[in-house]
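*Asks:* The residues making up each chain are set out below.
Protein chains: 6
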Amino acid sequence: MINLSSPKIWYHELRNGLYLHLAADEKLTKALLDSRITGIAYETVTGPDNSLPLLAPMSQIAGRLAVQEGAKYLEKTFGGRGILLGGVPGIRKGKVLIIGGGIAGTNACRIAIGMGADVTIIDVSAKRLAELENIFGNTVKTLYSNSYNIAEALQEADLVIGAVLIPGAAAPKLVRRNDLKKMKPGAVLVDIAIDQGGCFETSKPTYHSDPIFIIDGIVHYCVANMPGAVSLSSTLALTSVTNRYGLIIADEGISRALLHPEIRSGLNCMDGKLMNQAVAKAHNMDYFKE
Amino acid sequence: MINLSSPKIWYHELRNGLYLHLAADEKLTKALLDSRITGIAYETVTGPDNSLPLLAPMSQIAGRLAVQEGAKYLEKTFGGRGILLGGVPGIRKGKVLIIGGGIAGTNACRIAIGMGADVTIIDVSAKRLAELENIFGNTVKTLYSNSYNIAEALQEADLVIGAVLIPGAAAPKLVRRNDLKKMKPGAVLVDIAIDQGGCFETSKPTYHSDPIFIIDGIVHYCVANMPGAVSLSSTLALTSVTNRYGLIIADEGISRALLHPEIRSGLNCMDGKLMNQAVAKAHNMDYFKE
Amino acid sequence: MINLSSPKIWYHELRNGLYLHLAADEKLTKALLDSRITGIAYETVTGPDNSLPLLAPMSQIAGRLAVQEGAKYLEKTFGGRGILLGGVPGIRKGKVLIIGGGIAGTNACRIAIGMGADVTIIDVSAKRLAELENIFGNTVKTLYSNSYNIAEALQEADLVIGAVLIPGAAAPKLVRRNDLKKMKPGAVLVDIAIDQGGCFETSKPTYHSDPIFIIDGIVHYCVANMPGAVSLSSTLALTSVTNRYGLIIADEGISRALLHPEIRSGLNCMDGKLMNQAVAKAHNMDYFKE
Amino acid sequence: MINLSSPKIWYHELRNGLYLHLAADEKLTKALLDSRITGIAYETVTGPDNSLPLLAPMSQIAGRLAVQEGAKYLEKTFGGRGILLGGVPGIRKGKVLIIGGGIAGTNACRIAIGMGADVTIIDVSAKRLAELENIFGNTVKTLYSNSYNIAEALQEADLVIGAVLIPGAAAPKLVRRNDLKKMKPGAVLVDIAIDQGGCFETSKPTYHSDPIFIIDGIVHYCVANMPGAVSLSSTLALTSVTNRYGLIIADEGISRALLHPEIRSGLNCMDGKLMNQAVAKAHNMDYFKE
Amino acid sequence: MINLSSPKIWYHELRNGLYLHLAADEKLTKALLDSRITGIAYETVTGPDNSLPLLAPMSQIAGRLAVQEGAKYLEKTFGGRGILLGGVPGIRKGKVLIIGGGIAGTNACRIAIGMGADVTIIDVSAKRLAELENIFGNTVKTLYSNSYNIAEALQEADLVIGAVLIPGAAAPKLVRRNDLKKMKPGAVLVDIAIDQGGCFETSKPTYHSDPIFIIDGIVHYCVANMPGAVSLSSTLALTSVTNRYGLIIADEGISRALLHPEIRSGLNCMDGKLMNQAVAKAHNMDYFKE
Amino acid sequence: MINLSSPKIWYHELRNGLYLHLAADEKLTKALLDSRITGIAYETVTGPDNSLPLLAPMSQIAGRLAVQEGAKYLEKTFGGRGILLGGVPGIRKGKVLIIGGGIAGTNACRIAIGMGADVTIIDVSAKRLAELENIFGNTVKTLYSNSYNIAEALQEADLVIGAVLIPGAAAPKLVRRNDLKKMKPGAVLVDIAIDQGGCFETSKPTYHSDPIFIIDGIVHYCVANMPGAVSLSSTLALTSVTNRYGLIIADEGISRALLHPEIRSGLNCMDGKLMNQAVAKAHNMDYFKE
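Residue numbers (this note's numbering), protein chains in the order written: chain B, 890 to 1179; chain C, 890 to 1179; chain U, 890 to 1179; chain Z, 890 to 1179; chain Y, 890 to 1179; chain P, 890 to 1179.
Just so you know, the hints here were simulated from the structure itself, not pulled from any lab data. Only true hints are included.
Which copy is meant is left open, because identical chains are indistinguishable; a pair holds if it fits in one copy or across any two.
Listed next, the in silico SDA-like pairs over lysine to any residue satisfying Cα-Cα at most 25 Å (straight line): (1) K1016 - R1133; (2) K916 - A1169; (3) K1016 - I1055; (4) K1016 - N939; (5) K1070 - P1094; (6) K1093 - N1067.
Owing to the predicted nature of the structure, the values given are computational and were not obtained by experimental measurement.
Please construct the entire structure, taking both the sequences and the accompanying hints into account.
*Replies:* Pasting the structure below:
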């Protein structure tokens, strides 16, 4: 059982990373409430600009890893198309379709371009697409998100990266089981949104020890904790951003620390009370505003 | 009638550019022989590495112009597809197919990439394709030249640039009349090889005053003297390279100048004799080796 | 007469694009009022950040086209300087001056750089100039907008692109008739702001069928509806952004749809009343706030 | 047994790729001689510039794959350091050391840079290092090959790619078993030269089904036929370059085809005689010059 | 004595630049109060987004100059390491460490990359580090600012640029005297924050006429008015941004001009009263709010 | 006195670099002949492709340093124009003119572009200019070398770098004293060719301790041994390339080593005889061919 009452121990836990994800786990929620622990969840710490500063580095890592995994499982050995993402001079490049131009998608985009692929990124925001062109210049193709564009791009893609994450909500199902039949046999789907239920209908969580499965000839990579594969980089990235919150708690004590709005926004439970509205709603429990 | 006997006048002519192209014009050949003129043709002056230094700048200009013209005549006003070559964020880019990775094709490639198009360049040489990737990085797609690749690329292309020039020979017909039907209506063909007969079967020479015609819904741009459109740039480019040959002739007189191998290689006629083997062969005449 | 009362028909119109520009047309304004139509004008739909989301794609297209047109009409055939925008190795590049670093100007800048020109962009905002350097790196020259800088840059320019658009107001006259004499003969002016009266004193609207005229040796390109030249790209770009507004109107009916602030900001007339303050002011009519 | 006597069948084999590597296999050499087959080995076909045109595409593919494999096996799951090659903003990038700046090394370099790594490439040729800087600009670090530089770079590297291939000779051992102890635990070695004996002392050939092994904490990836992982891309690349030789043999028959110097250079055995000097030397057999 | 009472003269002064920096100079403060001058200080003029528009161009210039100076004083002649920042092919690049990713640091970064150095930039903001990667791509290394990262980077650095400026406060001491001993002998420190007390403990202001001094073998460049070295560029940059404020004062008179919030924020003293809170606090004087 | 007879000592000297430059020093020539030393001069060692492998790294370093020095001495403090080479956003960049596109000029070009300058490079070879565009893309302007282009470019330049080196001959005088008056006051000339007499008429050798002088308002930087300023980088670069020649001499002895054509080409004197034709000619002495 996790004991968060001592700042010192809390800080230690923090170094190992601590996402609570209570909305998805009623049992854990109740156990934490019973223990009367003060539980601060990384994933709900919110910056003044509504950013999620403790989620961002994990999205960056997952986005970059997604292309590395996709390239690997495109190999014939794993049931993939046997395509080299960047081709070689004279030979067609692999086509990568990235759905979602947020942090994860943008980071996937950077690596896919770097590996020499023919990259298309889809987003709902015209403004974001223009920003992506400013960042990547004429090495990327941008496309407005609509069902026609997605359907057409899916048929041509060798690798599809699902990077649509809606904070605090289940990811929308962008690719249906039916769509798989229209795709090229041996194409690869990587679902970065798997932690939130996945953005492909046929996704189900897998582990680094057995990361892929095949449905209708399409290789699925749906590892739930992608950053765990590069644990050294991930730990450094995470502690770099969590550090200053941990120091505030260690220095000022938890009571005063909770006066900082960002830390307060991370508070999920305290003294046996549920302090996060979304979690309360998910489990139909009472929510205490303080 | 052109008088090449005086170095001074010759030099003046040179400033205006002087390609003889005798192999394509028996009448002019005979007139020059009758006049007993010393005729040095730009297009046969050959460098020690078999390069054609007085043709190169014209190929550079024609290659760059080809994309400018292709982009313009893709406009709806002229019967084109109504496509903006680089698209805008969220909208598909136009697809440009460049056939031939020599000087003209490489220069076309540079501008097509710069205008934001989705550019594919085809060549027979694996080594040249690797060089093109070194120059343009992951902003270009390279493809080995074979009939399958060309046929497939033609169907997808919005703009096709024919840049296959075989020195001293008629250009091969890479696109047949039948192929036009498989292309997208309103696509544009630009034939840089038109001076050598063109590399599309349906090409026929046009002029800057009336540059295009439409066959089977495909817009053809086949202006024979493309660099004439940008006469100021072309004149500067040409005189920059011809200058030093002209100065040699002016300084040393034509007899001594002809001891320079590069100038000698340009000699087509002298004292009523035909001095260029290819021209002699073309008109079935006698060839004097000196 | 346009009938906007039925959402279904309205949506159909929307697919074809519908900018009302009532402030510039009193007759149309009165006709719409008489018809008691509910008129929503693309050009006044305003985003929460004061952006104009339905104008942006047209500015992007016009900006990119502006360089394509400028390059074309620099050809000798049309009275231009006979300059190739990007030059060739060894030959001076054409100088492009872009006045205005907003959406249109930035897009013009991207293409002008891509075509290899020597590009200078002028803006009043120091912050925007720094952003432009971040986007384009050392391929662009940025210049503070003041009369000295503009005057000096005009004299050197081969192609000048006027991209100063002040939302809802007449464009300022940046280049006066007198300035033309100081420019290089055969230089080209492209006036993207022509829809708002133009930012060059000598501009007057032209059409794609007869796009240019010459004053004092300077070629003017002032086509009022530039995106029409690439109708396929323009339609896709426009419908991509208008789509979601149209769907809201079709789904919810016009009354409820008008509760959305962005749609409300587009409302110009309804039930015979003028609902847009700027239009009312332009025609000295009454303005109804609802 | 392979039957090369019929051009048609030969051509079929060619489509599947056919490297003989007789110098490394005395048994196969004798069997081919006994069968009196005409054996043309891809790996000895030599271009006029001493290039090996049928080896080049395989080197390109192996070079690019090497980084993809190295990135994958750096994951913690496989005993790697748990490092993300490109890091994320704020976190150190992985260091990639590429030994050898030929075709394989250059292609590895392109992908390693693209994945955001901190890349150092080592070569013996000062001229080649300058060319690499021209290709990759300031995204790459180049280093003269000497034992001091290699030793120092090894200690810092997360991923080492051995790309030193000396045509027709065993690869030199650049990394000794002793060196492994000075490397970071979990670092990865990829040996592209494994077909020629490998350029790391501890390398031994592995297969795609079980590609890695660990010695002294260092992960070794030594798959002998790397391009097999991306069989679709590899087949296209290979047939693109072999095609024209196959067509010559099919069109002209093997006797006349052997008059082409490039095809002749590929001839290893014919009519029971050994026709390649290096193979003869390797097995201490007689060599027939024709 | 400076007379700011006449707009005309004020404007003239403005052309020569006028930073008051009263908080650091009690004597000047009192003299200005006694003179009853209306004193508007460039350094406190504040934009609506809390930017300091009249400081920004000086930060840009100082950042760029910092690398130029650092490269110069790395030369052996001046006691530096004798390192060429960009190295040459085959030779290690110089390592540049930039502490602070604001305007000065970002501009230093651009030039250091351009000179071919191995550049690391450190900042406290994860968001800013991601922006820097978007601007500079894979030519820069970014690092979270913490004592471990700074200490480690210091030991490897050839050139360290201190660019941590906290508006209106003394710069934090990022490098202590003790740290110098761990650095490479002949490394160079450039302290851009010297005007605010410097961000290295051993910094003390120097002049262009004698810009460097050496402590513990480390070369210090601490010129207080760096932009003065490039006075022509600096004057143009400064007047470009101050111009519009000066014109407002000249046109409207000082009283009305002070109604503009940006000009008001620059007001430090008027009619013998101290109008800036920070200056008042610094000298323990009374502050008049108007 | 230098003793080259012992390989061990010779090798030691080599580590310190050893250019003889006998053609320019009759006294040294005679002394070496008298000593009967075997003198191998770095500067005449010639590769199979007529390259000068032991001069190349010094040209690379001098080229890069030239821009660093030019930028520094453009500062007002030293009599320069007070221009920041890269400007800042909104302010004109400094104009750099590089005369000569060989190794030194190309390396100068790379740094000048990196510092954000407006760079023009001039060369006589059209082929080289096209290569430079391939390397530097649209960040550089290339210009054919002729007196008109040089004269015009000189008038606009803030910094001129003379990089015209003709192996074994005095550099041509590209800028005459008269030209200085047409240049901008405070412009800077850097003469990389000063070791061969300089390519500006007004150049005379200077030292790192007092590197510049001013004639007609133009700052001259003419340090004869530029790489000495960055002695650490220079020594590494030089020993990297000389190493393998030294090892051959140490391993095989001087007699056998001289059978290597590259080492032989470096031989200037032996057994009291002059073995280099150019040196013999320069001093009107006898030349022994072996």
